[in-house]
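There are 2 protein chains.
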Amino acid sequence: MLNSVTPEFEASLRETLPQAAFRPLTASYLEEPRGRYTGQGGLLVAPANTEEVATVVRACAAAKVGVVPYGGGTGLVGGQIMETGPMPVILSLERMKDIRAVYPDENVLVADAGAILADVQQAAEQHGRLFPLSLASEGSARIGGNLATNAGGVNVLRYGNARDLCLGLEAVLPDGSILNGLTRLRKDNTGYDLRNLLIGSEGSLGIITAAALKLFPRPAAEGAALMVVEDPAAALSLLAMASRRIGGGVSAFELIGRMGLEFLAETMPEVRQPFADKPNWMVLIDLGLGAGQDPATALEELFVEAFQAGIVSDGVIAQSEAQRADFWAIRESIPAANRKIGAVSSHDISVPLGAISDFVAKGNAALADIADFRVNAFGHLGDGNLHYNVFPQRGKSRQDYEHLRPQVKRCVHDLVHEFGGSVSAEHGVGRLKVEDMERYADPAKLAAIRAIKAALDPDGIMNPGVIVRGA
Amino acid sequence: MLNSVTPEFEASLRETLPQAAFRPLTASYLEEPRGRYTGQGGLLVAPANTEEVATVVRACAAAKVGVVPYGGGTGLVGGQIMETGPMPVILSLERMKDIRAVYPDENVLVADAGAILADVQQAAEQHGRLFPLSLASEGSARIGGNLATNAGGVNVLRYGNARDLCLGLEAVLPDGSILNGLTRLRKDNTGYDLRNLLIGSEGSLGIITAAALKLFPRPAAEGAALMVVEDPAAALSLLAMASRRIGGGVSAFELIGRMGLEFLAETMPEVRQPFADKPNWMVLIDLGLGAGQDPATALEELFVEAFQAGIVSDGVIAQSEAQRADFWAIRESIPAANRKIGAVSSHDISVPLGAISDFVAKGNAALADIADFRVNAFGHLGDGNLHYNVFPQRGKSRQDYEHLRPQVKRCVHDLVHEFGGSVSAEHGVGRLKVEDMERYADPAKLAAIRAIKAALDPDGIMNPGVIVRGA
Chain Z
0 MLNSVTPEFE
10 ASLRETLPQA
20 AFRPLTASYL
30 EEPRGRYTGQ
40 GGLLVAPANT
50 EEVATVVRAC
60 AAAKVGVVPY
70 GGGTGLVGGQ
80 IMETGPMPVI
90 LSLERMKDIR
100 AVYPDENVLV
110 ADAGAILADV
120 QQAAEQHGRL
130 FPLSLASEGS
140 ARIGGNLATN
150 AGGVNVLRYG
160 NARDLCLGLE
170 AVLPDGSILN
180 GLTRLRKDNT
190 GYDLRNLLIG
200 SEGSLGIITA
210 AALKLFPRPA
220 AEGAALMVVE
230 DPAAALSLLA
240 MASRRIGGGV
250 SAFELIGRMG
260 LEFLAETMPE
270 VRQPFADKPN
280 WMVLIDLGLG
290 AGQDPATALE
300 ELFVEAFQAG
310 IVSDGVIAQS
320 EAQRADFWAI
330 RESIPAANRK
340 IGAVSSHDIS
350 VPLGAISDFV
360 AKGNAALADI
370 ADFRVNAFGH
380 LGDGNLHYNV
390 FPQRGKSRQD
400 YEHLRPQVKR
410 CVHDLVHEFG
420 GSVSAEHGVG
430 RLKVEDMERY
440 ADPAKLAAIR
450 AIKAALDPDG
460 IMNPGVIVRG
470 A
Chain F
0 MLNSVTPEFE
10 ASLRETLPQA
20 AFRPLTASYL
30 EEPRGRYTGQ
40 GGLLVAPANT
50 EEVATVVRAC
60 AAAKVGVVPY
70 GGGTGLVGGQ
80 IMETGPMPVI
90 LSLERMKDIR
100 AVYPDENVLV
110 ADAGAILADV
120 QQAAEQHGRL
130 FPLSLASEGS
140 ARIGGNLATN
150 AGGVNVLRYG
160 NARDLCLGLE
170 AVLPDGSILN
180 GLTRLRKDNT
190 GYDLRNLLIG
200 SEGSLGIITA
210 AALKLFPRPA
220 AEGAALMVVE
230 DPAAALSLLA
240 MASRRIGGGV
250 SAFELIGRMG
260 LEFLAETMPE
270 VRQPFADKPN
280 WMVLIDLGLG
290 AGQDPATALE
300 ELFVEAFQAG
310 IVSDGVIAQS
320 EAQRADFWAI
330 RESIPAANRK
340 IGAVSSHDIS
350 VPLGAISDFV
360 AKGNAALADI
370 ADFRVNAFGH
380 LGDGNLHYNV
390 FPQRGKSRQD
400 YEHLRPQVKR
410 CVHDLVHEFG
420 GSVSAEHGVG
430 RLKVEDMERY
440 ADPAKLAAIR
450 AIKAALDPDG
460 IMNPGVIVRG
470 A
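Line order of the protein sequences matches chains Z and F. Note that the first sequence ends on residue 470 in numbering that gives the first Met the number 0; no numbers are left out. Note that the second sequence ends on residue 470 in numbering that gives the first Met the number 0; no numbers are left out.
Heads up, some of the hints might be wrong.
[What the hints assert, rightly or not] 25 Å max Cα-Cα, derived DSS-like pairs, lysine-lysine:
hint	chain 1	residue 1	chain 2	residue 2
1	F	K63	Z	K444
2	F	K395	F	K444
3	Z	K339	Z	K395
4	Z	K408	Z	K361
5	F	K277	Z	K444
6	Z	K408	Z	K395
7	F	K277	F	K444
8	Z	K63	F	K339
By construction, these hints were calculated from the structure, which means they are not laboratory data.
Isolated chain Z (complex conformation) (with noise of 0.2 Å):
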């Protein structure tokens, strides 16, 4: 059982750290984007290094504390929040921000875990370098929460998720001792594979403190274009024939379907729609070429071949940067326009390519048996990653439907299980899917993850009830 912060514990750590280490606990570290959790409270410690975060480690694992680490508190699956239980040190990375490193001939940079993910795409570019990790909140949340819980995104089609990004780690163990892990190596084979087992644990086995991150070259020209599809079956074939014809050059291939048209329609009126009548489903392709090559060319040609095919039937290519930058405002307005409608239930879930098609129409027929929704999938089709949220119908408020939710939420997450998906694609598991992961996860993979679990973090002091209950 793990014990409260309490005076003693924290006059004691005020003995071992700067003053400054100590920051008021302000409403913020206890709130979360979608509303859904509340903290109860805390000691928040800001240690300035990673000595000093090993202190509190070190700490915590002797007064048996637990230790919520806290990047940028833009995860959506309550990681970041500890409702319940003993008070527990909250340990924010706020001021271990700075970039350590860049190596601009290696394609390296290596950021504190607490460094804003826009500050790190800034730093790569002043270096003629791109970090291609890209996400809605990339103005605050932070790049070591970024790594604990594998951010994707909207390039992940191209280079990959925050695993794939990151060549080393350094982290604290529970124990509080200092994984030196920060290497620059492309390739290493010695030994288990820790840096990827942090990444993605959300903090259940250690802070990470800082990253050696990989850069890649600036394309030389870029382009988008949005083309109309039947549906997501026709889109696997587009995003076929456009990686044939143009290989790694296809950064971005997202899904959008007439529901996120009308939606926008319906909230944010100023976001111009691309085509006069809103298409069933559309497709946003951005591309990113070497020198010499012409996106907007590519793009043409792929659409004739594609038109010819029957693949597509209507599309618009951008003929400037500010076009390009209207087709990647439709897509990213839509959160914010499901956010104006108020989901009852949103789902973060990924199926086989192949399947996208046939999951989306027996889940929305499956929620027309249990009410009146209305359904947006779109997303990162190329991921087979699709947010599939369940809306009211025009005219209700979410509230109408609130008892539902746990009804939609299962028949959703069981149909992805069945089409052998994943129940949460990108965003992790936090304390919000623990149920999901012990109703659908493969008993083996669970034993494995309590096993290892056990062995690294025994008094159970990180992040407590993150992807596996307490002890």
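Keeping the supplied structure of chain Z fixed, place chain F upon it in accordance with the hints.
Here is chain F on its own, set in the frame of chain Z:
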């Protein structure tokens, strides 16, 4: 402590498995390519399916008998050979060699762990797709072994190593339970990354029985060039220029030193030398481009820019597929030439990209202080992975230097460690480098590896002595 296989154990296993699972233990199971390890024997079992693998492992777990997983037997670090200790079961995957399914639209192939790498490549090709893992032993290596050792090869720069090419795994864990992780999902953030923990664990945490692998579109056009550079630093500048100009189209970027060309002239005069005067350093650049792009033109333009910048001094661009094959024959003949010369000590190392030139200079100087060696440094420059191999002077043999081998190895590995590099970039630890792990690995990493091993394999039955010493 483990127990030896006994006649009673074998008799009991024969009652639970079909007769076909038992094959004679021929010498080939007790040898390895470099002739440094000789197996002591054991009971060879070749299960027909995953259930039978689980049956064997459960029996071994109950009797505390060691299990040595055996794939293609091509490993270079003794991971497949147990020389000492209680007689183990040698569990060969040779009868589990089916391609289970191909999903061309999803770019996914599912194979049994015993499938030969070349057969996986061919199955992908039959569906118009590419499985890019490619290495010298691909005609006999099995995909399960490739994954267990996180194999590298020549296409890592573009497509990643075995780890990056795997979406999901099925495996039998040390307690005989079956991990059903054979997902085709591109994104799945539900719990710890057991896939990547098993990949690279070299059979010490379980036996991979099947894998879902990533496929890629086949490039529309391929091309290659050899370009002469002053040193590895210039090669790195050339790679940066190529990446900027050609983006993701650079499939391979191999560094070849003068000594490799001299070894070829000495032992394989039939291999045509590309330049009249052997250059100190050259690189083999291989491109795979999309529709409408011409690799020869791209390489010409790259050469012109690099020549004008003073980065390259000479070059030749393949004008046909046959000439491209000739270029590759040079690169691929170097390991054979090395074997004919006979290495005193071979090192599969990596250092940060920016340190390669410095490392080679310091390494050569340090070795010259020991004896009159010839050093052949070559490898996958874009990955920072050098095969840094030390040979006898002309007219002498490896036996003349045998007594210096430990000193040579220690000298090279100490230097690698000093540069923040890895003493096993792609071959793994096996039994060969357990001592190196103990000497060079971060203490927190070693402790975590031992804790995970103890948690998942408390009796230490899985590939005893690999990566970490037995309990």
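Hints numbered earlier in the text: which of these fail when held up against the supplied structure?
2, 5, 7, 8
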